[in-house]
Amino acid sequence: MNGLFEFAYGLSLWLMQVVAWIFNFIGLHDVADWFTSSGVVYFLTNAVAALIVFIVGFLISITFIWEERKILGRLMDRRGTQVGVLGLFQNFADGLKAFVKEIIIPKDVDIWVYNAAPVILIGMSCMMIGLIPLSPDFALANLQTGLLLIFAVFSIAPFAILIGGWASNNKYTVMGGMRAAGQLIAYEVPLLLSVASVVVLTGTFNLGEIVAQQQNIWFFIPLILGFIVFLTSIIAELERIPFDLPEAEAELVEGWMTEYGGMRFGLIMLSEYVRGYAACSVAVILFLGGWNGPSFIWPEIWFILKVFILFAIFIWVRGALVRVTTKQILHIGWKVLMPLALVNLGIAIAIKMLGWL
Amino acid sequence: MAQRAGLAAGGKTGEIVAKELIDRFPEYVKITKVTHNRVFAMVDKVGLLNVAKFMKDALDFDHITAVSGVDWLEEKKMWAVYHITSYSNRVTAEMIVELPRDKPEVDSVTPLWGGANWHERETYDMFGIIFIGHPRLERILTPEGTDYFPYRKDFVGGRRV
Amino acid sequence: MAEMWLNMGPQHPMTHGLWNLRVKIDGETIIQAEPIIGYLHRGWEKLAENRMYPQIIPMADRLCYGSSMSWSHLYCSTVENMLELEVPERAKYIRTIVLEAQRIGSHLMWLAALGTDLGSYTIFLYCVRERELFLDLMQNLCGARLTYNYTRIGGVRNDVPANFERDFTRVLKVFEKRLAIVEALCDESAIFRMRMEDVGKLTAEQAKNLGVTGPNLRGSGVEYDIRKDDPYEAYSDIDFDVCYETGCDAFARYRVRVDEMYESCKIIRQAIKKIPQGPYRVKPPRTAPKGKAGWAHVEDPRGEGFMYVIGNGDDHPYRLKVRSPVFVSVSAAPAYLVGYKIADVPAIMGSIDMCLGETDR
Chain V
4 MNGLFEFAYG
14 LSLWLMQVVA
24 WIFNFIGLHD
34 VADWFTSSGV
44 VYFLTNAVAA
54 LIVFIVGFLI
64 SITFIWEERK
74 ILGRLMDRRG
84 TQVGVLGLFQ
94 NFADGLKAFV
104 KEIIIPKDVD
114 IWVYNAAPVI
124 LIGMSCMMIG
134 LIPLSPDFAL
144 ANLQTGLLLI
154 FAVFSIAPFA
164 ILIGGWASNN
174 KYTVMGGMRA
184 AGQLIAYEVP
194 LLLSVASVVV
204 LTGTFNLGEI
214 VAQQQNIWFF
224 IPLILGFIVF
234 LTSIIAELER
244 IPFDLPEAEA
254 ELVEGWMTEY
264 GGMRFGLIML
274 SEYVRGYAAC
284 SVAVILFLGG
294 WNGPSFIWPE
304 IWFILKVFIL
314 FAIFIWVRGA
324 LVRVTTKQIL
334 HIGWKVLMPL
344 ALVNLGIAIA
354 IKMLGWL
Chain R
54 MAQRAGLAAG
64 GKTGEIVAKE
74 LIDRFPEYVK
84 ITKVTHNRVF
94 AMVDKVGLLN
104 VAKFMKDALD
114 FDHITAVSGV
124 DWLEEKKMWA
134 VYHITSYSNR
144 VTAEMIVELP
154 RDKPEVDSVT
164 PLWGGANWHE
174 RETYDMFGII
184 FIGHPRLERI
194 LTPEGTDYFP
204 YRKDFVGGRR
214 V
Chain F
50 MAEMWLNMGP
60 QHPMTHGLWN
70 LRVKIDGETI
80 IQAEPIIGYL
90 HRGWEKLAEN
100 RMYPQIIPMA
110 DRLCYGSSMS
120 WSHLYCSTVE
130 NMLELEVPER
140 AKYIRTIVLE
150 AQRIGSHLMW
160 LAALGTDLGS
170 YTIFLYCVRE
180 RELFLDLMQN
190 LCGARLTYNY
200 TRIGGVRNDV
210 PANFERDFTR
220 VLKVFEKRLA
230 IVEALCDESA
240 IFRMRMEDVG
250 KLTAEQAKNL
260 GVTGPNLRGS
270 GVEYDIRKDD
280 PYEAYSDIDF
290 DVCYETGCDA
300 FARYRVRVDE
310 MYESCKIIRQ
320 AIKKIPQGPY
330 RVKPPRTAPK
340 GKAGWAHVED
350 PRGEGFMYVI
360 GNGDDHPYRL
370 KVRSPVFVSV
380 SAAPAYLVGY
390 KIADVPAIMG
400 SIDMCLGETD
410 R
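Residue numbers (the working numbering), protein chains in the order written: chain V, 4 to 360; chain R, 54 to 214; chain F, 50 to 410.
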């Protein structure tokens with residue numbers, strides 16, 4: 004059991020003892036014993052640990068939104084949000100606004116599919132939060148195939164986008180959904196190839212072991228090509244500028260999300276930033292040494308710092324570049340990134356065979 | 054290659070242009086005023102297309118600046134006013150064609166200069182001057198279903214002063 | 050996908066103003082295009098027949114609200130041509146300076162709109178920030194930021210303020226440095242180049258025949274600028290180059306306008322040094338004889354602007370005709386668009402620099 008679970012165990016044990024004391028006081032001793040039995044405490048430990056991980060991940064994702072607005076604002080020679088202390092309350096204000104908006108559903112939508120799309124998106128995104136370890140002590144799961152599972156969950160997004168665009172009963176959202184799904188699927192190939200190169204070097208899918216093997220050298224130095232391919236593919240996967248053609252085309256008003264309003268739109272927006280957090284975390288784990296760093300700060304803080312800095316680079320790219328068109332997206336994805344990813348894979352295999360790492 | 058559209062060697066001044074026009078079409082063209090870079094002429098309706106063709110081919114008038122209409126209600130006539138520029142000669146010519154007000158029809162110069170297309174459509178829309186041979190003479194600025202010609206003098210808008 | 054007609058507009062985030070572009074697409078390729086205008090038609094020319102000559106000057110400002118000084122100046126030049134009125138030298142130089150400042154402001158607005166079309170709000174905010182410098186200068190001069198109502202028939206409305214030369218010199222120095230930054234942001238961006246190069250090609254012959262003028266014509270290689278080839282105001286005394294490019298594509302038109310901004314700075318600097326002393330206005334006659342006509346054409350930031358006026362014997366015009374450069378550029382839109390993809394439409398139409406106010410009048 005790592006630090007998180009010990010903390011959760013302690014907390015749930017204390018909680019159950021308080022509840023048991025109340026029941027003992029009433030006089031129901033059997034119920035009190037049931038509450039402090041190992042099964043109940045074990046279940047509660049897992050629930051509390053999951054809740055803590057979820058809240059931390061959620062708050063970090065929301066802070067991403069704040070970071071984006073502030074840094075993008077400064078790049079454009081303006082201040083970002085000013086609501087509250089340093090602008091940190093803007094997200095909660097936005098969430099509240101999305102919550103209280105009127106729910107408008109277009110006529111003739113397929114209501115089950117229409118509601119399913121944002122649910123799938125946000126559900127998968129939260130699942131990814133659970134799979135990301137912030138340090139050996141702060142990990143909810145330590146799977147041997149953790150990396151594989153993260154990317155499997157990550158890749159469900161095109162499916163949700165496609166059904167969301169189709170269910171909205173609008174010929175333009177169908178086109179937008181198909182374009183978005185096409186872009187996301189096309190960019191997963193270089194993405195997974197660059198991840199494969201790291202797996203070749205380390206020989207494991209376990210996130211903790213990948214970080215442990217980066218004690219001496221962070222992997223982005225020998226695998227610099229893979230790092231660049233990974234970052235570019237992630238920007239395309241997150242549908243950020245310069246690759247946000249599905250979202251903000253000149254003739255499709257908001258792309259596949261046009262007919263979603265209110266809280267559904269809020270959830271979709273949130274899921275995009277949660278996926279951004281997951282993607283940046285995976286990039287830090289694979290290439291930037293994860294939570295390795297000098298020991299005067301906690302490894303969790305070190306990890307979060309690296310993730311924020313990486314996201315700041317994404318924001319910088321967004322501020323400086325213009326959008327690419329469909330023809331150029333496919334050209335970049337297939338003709339530029341994929342060969343680079345293959346070359347990178349070759350480098351990784353060569354390094355492994357020569358035994359340098 | 055970039056084409057220097059300014060005064061080429063041997064470019065024709067306004068006086069030379071006027072003289073060549075009068076020599077070629079004495080019965081259609083009447084020059085009212087000439088300066089070194091302006092020519093003002095009245096052209097007969099019948100000969101407009103021939104004069105325009107000559108100006109385009111022989112005199113290098115390659116850009117049509119505007120086609121306008123003027124409604125002379127009391128004199129019972131309309132004018133179609135053409136302003137044509139020559140890039141290489143740096144001369145702008147103003148040709149006025151007089152049309153009877155009850156049957157304002159004139160040949161279209163759109164086959165010669167594509168730039169006249171929308172100008173002629175607007176003149177038709179506002180004055181009712183029919184340009185024979187225009188590829189698509191429809192209303193352009195007023196909404197569909199308008200059955201009057203707004204800029205004619207007998208269509209009275211609001212008079213403020 | 051089969052062929053279908055797609056309506057881009059009239060309410061659309063991409064269109065600059067209110068017009069409709071119907072395109073017939075086959076999958077992604079445009080095979081036919083048809084612009085539909087007239088949504089902003091105000092009957093300007095008919096309104097002008099019911100106004101006194103000085104009352105039309107603020108109306109002319111609102112023809113194209115993005116470059117209003119050049120339109121009110123064009124109107125005053127037309128009436129001065131009709132009345133055969135000679136404007137004093139000082140007024141000519143002042144008009145030249147404000148016209149060039151207006152040209153810079155208009156081109157900055159164009160570049161800002163182009164940035165939003167392509168998806169970069171950074172370009173938009175940088176250009177609008179630089180434009181504020183010039184709007185402040187104009188506010189010092191005549192009190193207004195957008196529609197100036199500054200030129201009068203016979204000169205300008207008021208003389209320049211006290212710190213005119215100092216303010217302009219300071220602004221130009223700062224502006225040229227900042228324009229270099231914005232230019233680098235666009236030029237050195239491979240994605241920007243990829244989107245603008247080889248799209249919207251219009252050969253010189255096509256451009257001349259279709260009546261396209263201004264930076265659109267000069268981007269196709271034809272070196273014709275009314276300021277040089279048919280000078281008006283003080284342009285004959287000032288030394289500047291005509292900017293042209295041979296690329297014929299959207300990137301060439303972009304380069305022409307950016308170069309024109311640098312040239313305008315040069316012109317303003319020379320004109321400020323050469324302003325003569327003297328009156329800034331002459332009093333024009335109040336009425337014009339019936340049947341007397343006059344016309345003038347100028348190099349508007351968007352092309353060749355032209356006005357034709359006929360007098361009525363009293364203080365109203367009989368006929369006032371406006372030729373707008375964008376009217377013709379929009380009519381040439383099919384020539385720009387056919388054969389390219391739908392995704393190229395914002396880049397191409399953005400490079401043409403449209404302003405609907407003057408198209409529909």
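Where hints are given, some of them may not hold.
[Claimed, not checked] If you only want the chain V side, here are some residues facing chain F, beta carbon under 7 Å, derived:
no.	residue
1	VAL88
2	LYS110
3	THR329
[Said to hold, decoys possible] The following residues of chain F were derived to be distant from chain V, with all beta-carbon distances above 10 Å:
no.	residue
4	ARG244
5	ASP290
6	ILE324
7	ARG330
8	ALA392
Honestly, the hints are just simulated from the structure, not real lab data. Note that the coordinates shown come from a computational prediction; the quantities given were computed from them, not determined experimentally. Cβ coordinates follow ideal geometry from the N, Cα and C atoms, glycine included.
Going through the hints against the structure:
| no. | hint | verdict |
| --- | --- | --- |
| 1 | VAL88 | 25 Å, violated |
| 2 | LYS110 | 21 Å, violated |
| 3 | THR329 | 6 Å, holds |
| 4 | ARG244 | 6 Å, violated |
| 5 | ASP290 | 29 Å, holds |
| 6 | ILE324 | 34 Å, holds |
| 7 | ARG330 | 40 Å, holds |
| 8 | ALA392 | 4 Å, violated |
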